[in-house]
Amino acid sequence: MGDNSGVAGRAIVQVAALERGQADDLVTAINVGRTTFTVMLPGDRLLRLPYDISADELFAALSSIVAGLAAEVPTPDHFPSEPLTCHQKWTELLDDIGGWHQMLNGVSPGLRLASIRRTDAVADITVTDDHRRTTTTIPLDDGHLVVGLNDDIATRFGTLSGHT
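Take 0 as the starting number for the sequence shown in numbering that gives the first Met the number 0 and just add one per residue.
Simulated from the structure, these hints should not be mistaken for lab results. Ideal Cβ positions, reconstructed from N, Cα and C, are used throughout, including at glycine.
Listed next, with one range per pair, are the computed distances between beta-carbon atoms:
hint, residue 1, residue 2, range
1, A66, T154, 35 to 45 Å
2, H143, G98, 11 to 21 Å
3, G67, G105, 32 to 42 Å
4, H130, T84, 31 to 41 Å
5, V121, E81, 16 to 26 Å
6, D151, A59, 29 to 39 Å
7, A66, H130, 41 to 51 Å
8, L40, D140, 14 to 24 Å
9, R33, H143, 27 to 37 Å
10, P82, P49, 35 to 45 Å
Could you build the full structure based on these sequences and the hints that come with them?
Here it is as structure tokens:
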């Protein structure tokens, strides 16, 4: 099937840009498959999308099921000021994960994002290599940016596999 990490990361960054433009939470989860990704919206609405979707196609697809969808806001040149709201931190997490998504394979061959999901003020990030998986939980309500998350995930996964 090949490595989809570059296009998967780009798609997640596009979702983050749309999330950043919304006044209220839009995306509650992203499930990452081999050839498609699924975006979960409030009310357990699901939208399965191809990784090569353009920003305009993503906006059109989400607009077809979300009334009043605001335009995307691309990744800013600077970090938002702390304290962050839960929504700001969730958006930054999505953007960061999209940006470093393909680095996971360098941690361990085949390691990839399986999902990122938000429940109230907590985000769960699950990675897998198809043999084992680990979930890292991030509080969204502490007001702080997350720094070094990819290293934390790599260390946690390395510990699971007996390597550090």
